[in-house]
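Enquirer: Chains as they are written, first to last, in our numbering: chain A, 1 to 306; chain B, 1001 to 1306; chain C, 2001 to 2306; chain D, 3001 to 3306.
Think of the hints as simulated: they come from the structure by calculation, not from any bench. A couple of the hints might just be wrong.
Straight-line distance between alpha carbons at most 25 Å, and here's what the computed SDA-like set of lysine to any residue pairs gives [to be verified]: (1) K3128/D - Q3013/D; (2) K170/A - K1076/B; (3) K3295/D - N298/A; (4) K3206/D - G3090/D; (5) K295/A - G3090/D; (6) K170/A - A1209/B; (7) K3206/D - D3184/D.
Here is what each chain is made of, one letter per residue.
4 protein chains.
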Amino acid sequence: MALTGVLRAGFVQLRVLDMKEALTHYVDRIGLELVDQGRDGRVYLRGYDEFDRHSVILREADAPGMDAMGFKVARKDDLKTYAARIKDYGLKVGKVAAGEQPGVGKRICFVIPSGHRIELYAEMERAKNGPLIENPDMWREDPRGMRALRFDHCLLYGPNIPEVSKFFTKVLDFALAETVETPDGQIAAFLTCNNKAHDVAFVMHKDPAKFHHASFLLDSWHDVGHAADLIARYNISRDIGPTRHGITRGQTIYFFDPSGNRNEVFAGGYVYYPDSPVRTWTADQLGKGIFYYEKELNERFLGVVT
Amino acid sequence: MALTGVLRAGFVQLRVLDMKEALTHYVDRIGLELVDQGRDGRVYLRGYDEFDRHSVILREADAPGMDAMGFKVARKDDLKTYAARIKDYGLKVGKVAAGEQPGVGKRICFVIPSGHRIELYAEMERAKNGPLIENPDMWREDPRGMRALRFDHCLLYGPNIPEVSKFFTKVLDFALAETVETPDGQIAAFLTCNNKAHDVAFVMHKDPAKFHHASFLLDSWHDVGHAADLIARYNISRDIGPTRHGITRGQTIYFFDPSGNRNEVFAGGYVYYPDSPVRTWTADQLGKGIFYYEKELNERFLGVVT
Amino acid sequence: MALTGVLRAGFVQLRVLDMKEALTHYVDRIGLELVDQGRDGRVYLRGYDEFDRHSVILREADAPGMDAMGFKVARKDDLKTYAARIKDYGLKVGKVAAGEQPGVGKRICFVIPSGHRIELYAEMERAKNGPLIENPDMWREDPRGMRALRFDHCLLYGPNIPEVSKFFTKVLDFALAETVETPDGQIAAFLTCNNKAHDVAFVMHKDPAKFHHASFLLDSWHDVGHAADLIARYNISRDIGPTRHGITRGQTIYFFDPSGNRNEVFAGGYVYYPDSPVRTWTADQLGKGIFYYEKELNERFLGVVT
Amino acid sequence: MALTGVLRAGFVQLRVLDMKEALTHYVDRIGLELVDQGRDGRVYLRGYDEFDRHSVILREADAPGMDAMGFKVARKDDLKTYAARIKDYGLKVGKVAAGEQPGVGKRICFVIPSGHRIELYAEMERAKNGPLIENPDMWREDPRGMRALRFDHCLLYGPNIPEVSKFFTKVLDFALAETVETPDGQIAAFLTCNNKAHDVAFVMHKDPAKFHHASFLLDSWHDVGHAADLIARYNISRDIGPTRHGITRGQTIYFFDPSGNRNEVFAGGYVYYPDSPVRTWTADQLGKGIFYYEKELNERFLGVVT
């Protein structure tokens, strides 16, 4: 296959203050499947159109935020190869034993210059009720709530964006799809390892290891509007949207889970190829880049992170 | 970049009976950009969201059909590598000089067991009026006609489907996303080299080198409906749709260009990854696979090719 | 109010062979609300966006079809006025006591020249869980299944179409929005009493009192596609669609309930006003009028009625 | 016909500072048809799906704003009837000669307690290139720009809202579809004369005769998003949206014409009937009523009028 190495953003582990409220939010509202309320106290979720066992892990804790983000690689050997390249680059590489997350093989982990813990893994069990593959119907059951198909990407805030961008492109073989450049240098990087506009993105922030949002894919702009109706009906804390990003062109709405972690549901965006040129945004047009319709920066969107 | 080797279906060269009528169809109705009416008598077109110079080539001829389908590879070296692998596999490999198509580098060409001429190339000039990349707007101008974003894939008819499927997966590093299996063996293969459900597909047919359709990507089911309105308004010969495919899940409408070549415009479809299982269809459910709503085979769709 | 007299198609009473199967169909699939499984053996349903208590009545019987279609008038006095006008026109007018349908006031009934039983009523109780009106949300709960908002209209088959058309326009103050004219006279009439393209329509058929379909309003073409996905997923017997009507411009899909009664869910259509000209279709273009995309008549659609 | 008296919001006459810029805005961007650049200096426009000759009149002036809003009545006799009723109510009624607007019959005019000039007319010539009626296609040409189908309603600001509300319901036979009530009384009224949620609305403002916006109907939420893309692409001054109103449920985006007059394009909204209850909003929920997603008042939306 021509798509090798890192395949995609595979999971995100989030901290929530109250698990019951979190499940109402992620299962009933966003529409994720409840896979497993694990003996380890963590809860495992998945979008209905994902083959792997889980993609969202919720852990009850005293403060919201992201524990780690995991990327799936194509083959077990890739873990060794990337571990070596990451060490060569100068980062420490740790190991997580197989089974630490139920159904997941061994992982390698490392902290990138923005302060975030990133993990790579090659193996995850197939979901028991995943997408159909024998004369398949569209879905087993009519999708629920916001009808999220899958976990798609995260946006992370922290320092050292140029370093992080270089690390992902040089070491993990990502491509820089879009960049925001100021007279003082790069302040945001949108990075992809496949045909999506981004699998992970980073925005400059003085504090390390900050979580901006986890994003879930919807089918269409129609479903973005439907998500907005649900957000209004159930008094979910809305951040901004429905709108469109200039960067990635995604049609989007942002809101907060009951613990204050930001979520996005989105649709659309262009198809990225390795021969696509880097799209570049300048500081004076950043408002348009972030919110294509509003064309202005929003303090809450820029400042509130977990 | 984790996406290497063959990147995508890059161009299709079609024969048309009357160039003027063809341009009304492809430019005004489907909404492609007219790039160049070449001195070689061929006309070069492109979807408004494509970076490369052209993706559709029209050649006036006495009979409709497809001359060749071209795939873009990531690097010039790939051409050598694939040429060697194709020869090893047992096919003859020819060369096409750089510039034979304006703005395109050297190509290699070969005829696959279904009788179709396939080409690989690594270099094509960037379109002069391609997508914007500096603080980019969505598009330069509001898209026209059916608002086709890009040439997406072809479906080709011919013999030796299992051979062709094997060739694309073993030699060109494609993945088999979906297959149709009968007691007499595989009769259709949907092959991808990236995150799309297919870049090219093959269906068994007694005659070699037959062309079923060239497909163009739309934004949404809404635009599929709008395409249907245009087809009705301008008396374009409609084949079937709006409907959905079981195979690939694409939302689609089929119609014919004035020369009798079948076109598709479509939206949607799932995201394919190398770790996605092969979706398998059996002969008794093929109707549902091809037309998810109609659930029945359609003689014209199966039989009319150019 | 400038909208007086007959307000709208208010209810349809249908015969079904198996009530349990019918409820799965109308409640779980189409998404109607179950109002009441009456002591009279009839079941009462309503679209989630309707204020009145019910709009669909199901009665278990040995043969499918329609018992009666009811239109709501603005005021109780209208019943007297219309009764007199209907008698003047030459039809017999019967009375149905208040409460014959739970929550419905007295009705008048009559059989029109096509053989159908039509009823008028002025009073129906407000639904207990109808649309919100105090600082209202969009809906109480996220709509279910096909997300039908309301019962919208019926298409009825029978003889004497010109007579029926005249009766509705001259006696009941409807307007003829569209008509199909052949050298032998009018064969179809689309009749409205408000801004919709039709509240009831009639097509010529040799047998009297035939039921073609009951139609339910959806929000959008997107939801028409979603209905098609549900029809495919649950193996509901599909008739035709998704497509568009030339007549009324509605975007539509047709299917059958488990008893063989045809249903439609649709979206769109133009806004009709009393000063809109009559749209006229000729026999040679009837295919386009009925199915704007297919542009051809369909024997099943024309011939299968209950 | 059961729909009598005042049929609909029929025209609005707006003042613009620069006619050339205004035409680019209303014709190229919103997509209205240019009917006539009259010898009287006024320019006449129409939505592509309107039968009457024109519905928007632009007049070059030193200050933006609305000259008058006109409602069409069903019959010439209605003009006399309403003139008498309006005089009985205590307002002065003036006359405008037939032909003052090309193709329009005689009008009556009066100033309502909010300070706005309202006109009634019964006759307007049919548009030369209006909607097709003989075996009609959807449209003559693929709609342009934002693809506005028709002028739909205005929102006007001024004092004496309860008086205005009473006038429209008691004298002009409108219905109050929605109202905003505060401890100090009614501050907004949404008034309809047909099945729309509103044909005209009024919001309390200290200054009389203020114009908030003229609104144009779109096909769908998809087209609201497309309008937003055009607004961004052409740097049209955006006010707010895409969003949804709690009041009327319309899906909407607001923006300004080059002279500072506010426009809306919208889709959706419920179907109103005379037996629909009045929807009531309280002051504390007004934010949700105006912008269902934002749930907060917006100073610019409330304060900027022409």
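Enquirer: If a hint holds in the structure, say so; if it doesn't, say that too.
Expert: Outcome of the hint check:
1. K3128/D - Q3013/D: With a Cα-Cα distance of about 21 Å, the restraint between K3128/D and Q3013/D holds, given a limit of 25 Å.
2. K170/A - K1076/B: Holds - the C-alpha atoms of K1076/B and K170/A are around 20 Å apart, at most 25 Å.
3. K3295/D - N298/A: holds (17 Å)
4. K3206/D - G3090/D: Distance ~22 Å between K3206/D and G3090/D Cα, so the pair holds.
5. K295/A - G3090/D: Not satisfied, since the Cα-Cα distance of roughly 49 Å exceeds 25 Å.
6. K170/A - A1209/B: Between K170/A and A1209/B the Cα gap is close to 42 Å, so the pair fails against 25 Å, i.e. violated.
7. K3206/D - D3184/D: holds (14 Å)
Violation of the numbered hints given earlier is confined to hints 5, 6; the remaining hints are satisfied by the structure.
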